[in-house]
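Student: If you want the building blocks of each chain, they are given just below.
2 protein chains.
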Amino acid sequence: MALKLFELVGTDAGRPFSPFCWRSRLALAHKGLSAESIPWRFTEKSALAPYGSEKVPVMLDRDRAVADSWIIATYLEDTYPDRPSLFGGAGGRAMARFLNAWGDIAIVGGIFPLIIADIPNNLATVDAAYFRQSREARFGKRLEEIMAPRDQAVVGFRKSLEPLRQTLKTQPFLGGDAPNYADYIVFGGFQWARVVSPFRLLEETDSVYAWRERLLDAFDGLARNSPGYPV
Amino acid sequence: MALKLFELVGTDAGRPFSPFCWRSRLALAHKGLSAESIPWRFTEKSALAPYGSEKVPVMLDRDRAVADSWIIATYLEDTYPDRPSLFGGAGGRAMARFLNAWGDIAIVGGIFPLIIADIPNNLATVDAAYFRQSREARFGKRLEEIMAPRDQAVVGFRKSLEPLRQTLKTQPFLGGDAPNYADYIVFGGFQWARVVSPFRLLEETDSVYAWRERLLDAFDGLARNSPGYPV
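Chains as they are written, first to last, in full-length UniProt numbering: chain L, 1 to 231; chain Z, 1 to 231.
Treat the hints as calculated values from the structure; they're not laboratory data.
Heads up, some of the hints might be wrong.
[Said to hold, decoys possible] Which bits of chain L does chain Z cover? Going by a derived footprint, with three or more residues having C-beta under 8 angstroms, they are:
| no. | region |
| --- | --- |
| 1 | 79-88 |
| 2 | 92-98 |
| 3 | 101-115 |
| 4 | 167-173 |
[What the hints assert, rightly or not] A few chain L residues facing chain Z, derived, Cβ under 10 angstroms:
| no. | residue |
| --- | --- |
| 5 | GLN152 |
| 6 | VAL155 |
| 7 | GLU162 |
| 8 | PRO163 |
| 9 | ASP177 |
| 10 | ALA182 |
Just so it is clear, the structure is predicted and the values come from calculations on it, not from any experiment.
All residues carry an ideal CB built from backbone N, CA and C; glycine is no exception.
Could you build the full structure based on these sequences and the hints that come with them?
Tutor: Now the structure itself:
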């Protein structure tokens, strides 16, 4: 297979969980491209060194390496222009940059403290130790302390989804009638949470819940068929 | 002139201030269209009744009335397809829906408590009374109480702009290399504040400040030449 994608996993190599890798995985599916998945773990920095990156996703297209989910998306759009568009034109490509930032801050950043202490349960000892040390240094407290108020904190997270909820009042996807990269940006965060944590982020009556269901079903259930907790 | 736009004003008919009317005014400029401005005040509900709306903007295109800033934008895009695109394609149009919701919630909703008690200073007695009564009922407190903590609250507002700031790291406008409707959505809120309040929303070192400067200068200074406070 010409395409390969390094994807973050833990003890189970068949359970990729990075929100950024999921963006790329869904972008590939949108383009109708299949890629060989290369499982990668937090402490395997040396495996990525030849490609000039310290983080996943890294995609290989024959002898070309492309790192960073946004760069991968634009690479796929430019390299495979005859396949379904990820952005729906130049305006969508520019605005998806904003969605990418909102996805990083409100979704990935918003979910992280709600699931952070569940993540090491998915990791081998060496990776769990690396994760705990690096993230506790970043937040300045223990993972368990960060996550402790999640039953209250999730209320604020749900409130922060209001722009998404407003959008879904008039269209089924951020991309309009069908999903595009804007949806994969945001959904990647929810899929990450689903894979690593049993914590319920959304109420069933929420239109964002229904939207997530549609994304779980996309591409013949690509995301739903990947192992995870019930949502 | 074939096009007319009802715009919210106060005592000064030449000082339109609604964030939603500014979205439409800039959309018209983007399309290279001029429209006669019809000054409208909060208590002049009867002037809009024939057009089936209680709020501005309402745009008249000969005998056709179009209400609501989003509907006006899509109407202009569809009616004048040969003029510069407001959305840059179908993807941009879909994603602009999200920007519209974010602009309503984070920008208009974020700025409102920071300037709310300054607004009546711009209004005639009858409109000021209407504004005070309706908004105090909505918030459940006096305008002055809502605005009192603004020196602290503005810190949170500035923080909420982070997705915009991240986007501006790689492109000068939300629309990419040039502004489009995504920019007008967000800028409309800043222009509203500039017209009605001396309160300084942004620090000069902020990339959002520089972006706002670019929008103030767009279309030969359309927004900057409209009366307002220094920003």
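Student: Given a cut of 10 angstroms on the nearest C-beta pair, is the interface hint for L/VAL155 held or broken against chain Z?
Tutor: Violated, because the Cβ-Cβ distance from L/VAL155 to chain Z comes to roughly 16 angstroms (cut-off 10 angstroms).
Student: Quick check: do three or more residues in the region 79-88 of chain L have a beta carbon closer than 8 angstroms to a beta carbon of chain Z?
Tutor: holds (count 3)
Student: Does L/GLN152 pass the interface check with chain Z, least Cβ-Cβ distance below 10 angstroms?
Tutor: 19 angstroms, violated
Student: Closer than 10 angstroms between Cβ atoms is the bar; does L/ASP177 clear it against chain Z? Give me holds or violated.
Tutor: 8 angstroms, holds
Student: Regarding the hint that L/GLU162 lies at the interface with chain Z, is the smallest CB-CB distance below 10 angstroms?
Tutor: OK, holds: L/GLU162 within 10 angstroms of chain Z, min 5 angstroms.
Student: In terms of beta carbon proximity below 8 angstroms, does the region 101-115 of chain L have 3 or more residues touching chain Z?
Tutor: holds (count 5)
Student: For the region 92-98 of chain L, do at least 3 residues have a Cβ located nearer than 8 angstroms to some Cβ of chain Z?
Tutor: Our answer is that it holds, as 7 residues pass the Cβ test (under 8 angstroms) against chain Z, meeting three.
Student: Is the shortest C-beta separation between L/PRO163 and chain Z less than 10 angstroms?
Tutor: 4 angstroms, holds
Student: Would the stated hint for L/ALA182 survive a check requiring a Cβ distance to chain Z of less than 10 angstroms?
Tutor: 5 angstroms, holds
Student: Is the coverage entry for the region 167-173 of chain L by chain Z consistent with the three-residue Cβ rule at 8 angstroms?
Tutor: holds (count 4)
Hints 5, 6 from the list above are not met by this structure, while the remaining hints are.
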